[in-house]
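K.L.:
Below, each chain spelled out in residue letters.
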Amino acid sequence: MSDLFEDYGTSLGRSGAYDEMFGANMLARRSYSDVAGALGSLTLADVTARADSMARTFLDRGVTFDYAGEERPFPLDIVPRVIPADEWDVLERGVAQRVQALEAFLNDVYGRMSVVSDGVIPRQLVTTSAHFHRAVHGFEPAGGVRVHVSGIDVVRDAAGTFRVLEDNVRVPSGVSYVLENRQAMAKGLPEAFGQQHIRPVEEYPRRLLSALRKTAPSGVDDPTVVVLTPGVFNSAYFEHTLLAGLMGVELVEGRDLICRGNRVYMRTTAGEQRVDVIYKRIDDDFLDPLQFRSDSMLGCPGLVNAARAGGVTIANAVGNGVADDKLVYSYVPDLIRYYLHEEPVIANVDTYRLEEKDAREHVLDRLDELVVKPVDGSGGKGLVIGPDASREELEALRKRVLADPRGWIAQPVLQLSTVPTLSGDRFGPRHVDLRPFAVNDGEDVWVLPGGLTRVALKEGSLIVNSSQGGGSKDTWVLGGTPQIPVHVPPRESVTPREPISVWPVESSWQDGAEQ
Amino acid sequence: MLSRIAESLFWIGRYVERADGTARILDVHLERLNNLPELQQERISRDLLALMGAPAGDAPVSRDMLLKTLAYDRRSPASIAGSLSAARENARRARETVSSSLWEGLNTTYYGINKHRRDMVGTYGFCHWVLERSAMVTGLADSTVSHDESWLFLVLGRSLERADMTARMLSTRDLLSGGISWVHMLRCAGAYESFLRNRGGSSGDQNAAEFLLLDRLFPRSIVYALRDAEECLAKLDPSSQRVGFIDDARRIVGQARTFLEFHRTDNLLDELPEHMDRVQKAVAQASEAISCKYFNQAKQLEWIGEVS
Chain A
1 MSDLFEDYGT SLGRSGAYDE MFGANMLARR SYSDVAGALG SLTLADVTAR ADSMARTFLD
61 RGVTFDYAGE ERPFPLDIVP RVIPADEWDV LERGVAQRVQ ALEAFLNDVY GRMSVVSDGV
121 IPRQLVTTSA HFHRAVHGFE PAGGVRVHVS GIDVVRDAAG TFRVLEDNVR VPSGVSYVLE
181 NRQAMAKGLP EAFGQQHIRP VEEYPRRLLS ALRKTAPSGV DDPTVVVLTP GVFNSAYFEH
241 TLLAGLMGVE LVEGRDLICR GNRVYMRTTA GEQRVDVIYK RIDDDFLDPL QFRSDSMLGC
301 PGLVNAARAG GVTIANAVGN GVADDKLVYS YVPDLIRYYL HEEPVIANVD TYRLEEKDAR
361 EHVLDRLDEL VVKPVDGSGG KGLVIGPDAS REELEALRKR VLADPRGWIA QPVLQLSTVP
421 TLSGDRFGPR HVDLRPFAVN DGEDVWVLPG GLTRVALKEG SLIVNSSQGG GSKDTWVLGG
481 TPQIPVHVPP RESVTPREPI SVWPVESSWQ DGAEQ
Chain B
1 MLSRIAESLF WIGRYVERAD GTARILDVHL ERLNNLPELQ QERISRDLLA LMGAPAGDAP
61 VSRDMLLKTL AYDRRSPASI AGSLSAAREN ARRARETVSS SLWEGLNTTY YGINKHRRDM
121 VGTYGFCHWV LERSAMVTGL ADSTVSHDES WLFLVLGRSL ERADMTARML STRDLLSGGI
181 SWVHMLRCAG AYESFLRNRG GSSGDQNAAE FLLLDRLFPR SIVYALRDAE ECLAKLDPSS
241 QRVGFIDDAR RIVGQARTFL EFHRTDNLLD ELPEHMDRVQ KAVAQASEAI SCKYFNQAKQ
301 LEWIGEVS
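Line order of the protein sequences matches chains A and B. In terms of the working numbering, the first sequence opens at residue 1 and continues consecutively. In terms of the working numbering, the second sequence opens at residue 1 and continues consecutively.
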């Protein structure tokens, strides 16, 4: 091992976290043997040159996220996160199970609500969720699927056990970096690909397109799929362009769409063309000014009615936010037992429900030891890490919790597992999480092998969000046979449609938040 | 294809060609300026700015200001940096449609602007670099984008802008009579060698004007560029009527080209300002007509946003 790892063991001992690469006595785990071998042969100059070249490539190719109006390359570290086949098998089953349970739950809460009448969860929990949208109550979405795409965040605790941290079934982002990271790593650390079989990720866009087409409104033979973006100022714009490009479909903005007679059309140079499936990358609140925020020009008036009438499929379905409410999260193990009659494959993180009096009192006594999170937050917004917070911050938090106990949950501070990460002229342990992505076509839930490993670039920090200085790592799932690619029937040639006159729409920009 | 994307492609074509044309004009005129006394330099710089669509007002025109306005200021619509930034911004909006090599070509060009020294001597290098980059971008577009509707919009924008830019080049002859020769005009258009081979070294002003205006085989001549634009329009709207044209843009461009092609050339030099004016107006009107027919919403969009 080169001296790049000289102080690694010491830093590791300090953090007390589970390290993904090294076991006891600084011995590399078996899954990391090829990576360790490749890194061992490199000097500091090699590693730095490769890291610089990877960053430069990202900037040139425009692999960026938008941070406060500035395009920044998403930092990619040169050491991958490796997951052995047996561990992945558990994660894959656990994620798929969770998606199936959440899908069943959403169908239920927007329908008969048997989960409430059977006493599994309190009615109030559903009805008070900020993302429970009565506007979509009581109708089955075209295609019958609600959670087409999901990102289930998992972490590994100090004992090395995987736990689900949160569910994202609205607009989970980050899959584009999974695709780009793999390409960059093939150039950045080719030695490590060596003899091992790393499961490919490039199948994702085809799987997604296939699922979207499969869930088109009935009676459409050759569905037209589009990706709906809030526009270039959205932080995930790069991802929207990449997915639309790789699926070979149009990337539309709200102003490109028109709803008429419960059908959706897009303005093209040859007149209007019908749209059957919309993969929306806009938050529900901005989707349709007739139903939600009337000041939003990001969406298109009439979309929700068109979806209600079965004229268009919206993926993910409107109203999914109720399933990734963090208070609902605390009930997901029960939901898995209730809907699927199975035990959860991956455990939750222990969670205190602050609307329960005993839990609240217990938590308020120990605020400085816990993480407290708003139930409807995303992207790490608003959470308070007790041990890092000042006395004033904790006092302010206490008041906010007491004013709105339904709005918060608390969890113990987890020592997320670490992976060696280049920092200056050494590798140091940095905390990571993992977001596996799943695609649901109504029959199967397919989990992309790997997912996005986010890494906190500051030593000791537990915040991995890109908006707060996080980076990423390529995630390698080892072993197994390559999956058989799905077959997407070729598009028939587009028949020219009769042009219909269109009217101009005022345009203005707002940023729709993404998870 | 989406109207919005078609519009972006059209403007990518226009902006890249505008950067190229401005670099050519700037390069040749800077060289001339350096040979002149300072008083004359001031007047000529002022005229040049007005001609390129960035009139200077009453303030004295310094060399720095000239370079900033025509070369480096990303906020100036008349500058090379502004055009390249706007081209890149349009490509970013149409990123899933343009090829990734075309996008990367424009993106790395955008980042490369900052790497040049912003003084008189550095500007020669900058102009040369811009010509190379725009040739590269044009080449990538031609070889990596399917020659379907999207490419036609790109080429349409490029051809119209080229006709406009050559008209501007020819107008500098009139405005900057203080020392601009036809050799310089031909060099601006990259046409000097072609011209010499075709017409011989002893030809005079009249021949040079004919060449840049009317030559049917030189790609930067106005007639050639207008014919390119016409062909794109015909392919975009292949209506096979037996009489006339419904398409406004095609009518405007066709009229401008045939007027030039069939006009007697006896008084070409005297009539030059009038001809150039006609060409520039035709380009503006055609652009407007294309926008009405294909893009619908041109008025609400702003093409140069926060690009610095």
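To be clear, the hints were calculated from the coordinates, so they are not data collected in a lab. Think of the CB as a built atom: it goes at the ideal place given N, C-alpha and C, for glycine as much as any other residue. Check each hint, because a few of them may be wrong.
[Claimed, not checked] Residues on chain A that point at chain B, a partial pick, calculated with CB under 7 Å:
1) 131
2) 232
3) 244
4) 267
5) 403
[Stated by the list, open to error] Cross-link-like lysine to any residue pairs, in silico, SDA-like; alpha carbons within 20 Å at most:
6) 293/B x 271/A
7) 115/B x 56/A
8) 293/B x 273/A
9) 214/A x 258/A
10) 115/B x 52/A
11) 115/B x 72/A
12) 214/A x 52/A
13) 115/B x 273/A
14) 115/B x 55/A
15) 293/B x 258/A
16) 115/B x 64/B
17) 293/B x 52/A
18) 281/B x 224/B
K.L.:
The structure should be examined with respect to each hint, and the outcome stated for every one.
P.N.:
Consistency of the hints with the structure:
1. Interface hint status for residue 131/A: violated, as the beta-carbon distance to the closest one in chain B is roughly 29 Å, over 7 Å.
2. Contact between residue 232/A and chain B, as hinted, is supported at the beta carbon level, the nearest pair being about 6 Å apart and thus within 7 Å.
3. Annotation: interface hint on residue 244/A holds; nearest CB of chain B at approximately 4 Å, less than 7 Å.
4. About 5 Å separates the beta-carbon of residue 267/A from the nearest beta-carbon of chain B, less than 7 Å, and the hint is met.
5. The criterion of a C-beta within 7 Å of any C-beta in chain B is not met by residue 403/A, whose closest approach is roughly 39 Å, and the hint is violated.
6. For the proposed pair residue 293/B and residue 271/A, the alpha carbon gap of about 10 Å is at most 20 Å, so the pair holds.
7. Restraint check: the Cα-Cα separation between residue 115/B and residue 56/A comes to about 15 Å, which is no more than 20 Å; the hinted pair holds.
8. For the hint linking residue 293/B to residue 273/A, the alpha-carbon distance of about 16 Å falls within 20 Å, and the restraint holds.
9. Using a Cα cut-off of 20 Å, the hinted pair residue 214/A and residue 258/A is violated, with the two alpha carbons roughly 23 Å apart.
10. For the given pair, residue 115/B sits about 18 Å from residue 52/A by alpha-carbon distance, which is consistent with the 20 Å threshold.
11. Distance hint between residue 115/B and residue 72/A is fulfilled; the C-alpha atoms sit about 19 Å from each other, no more than 20 Å.
12. Under the criterion of a C-alpha separation no larger than 20 Å, the hint pairing residue 214/A with residue 52/A is inconsistent with the structure, at around 42 Å.
13. Annotation: proposed proximity of residue 115/B to residue 273/A is violated, straight-line Cα distance about 44 Å (limit 20 Å).
14. A hinted pair counts as satisfied when its Cα atoms are at most 20 Å apart, and residue 115/B with residue 55/A qualifies at roughly 18 Å.
15. For the suggested pair residue 293/B and residue 258/A, the alpha carbons sit about 18 Å apart, so the restraint of at most 20 Å is met.
16. Restraint check for residue 115/B and residue 64/B: satisfied, since their Cα atoms lie roughly 17 Å apart, inside the 20 Å limit.
17. Of the pairs offered as hints, the one joining residue 293/B and residue 52/A is violated, with about 47 Å between alpha carbons and a cut-off of 20 Å exceeded.
18. Of the supplied pair hints, the one linking residue 281/B and residue 224/B holds, its CA atoms being roughly 17 Å apart against a limit of 20 Å.
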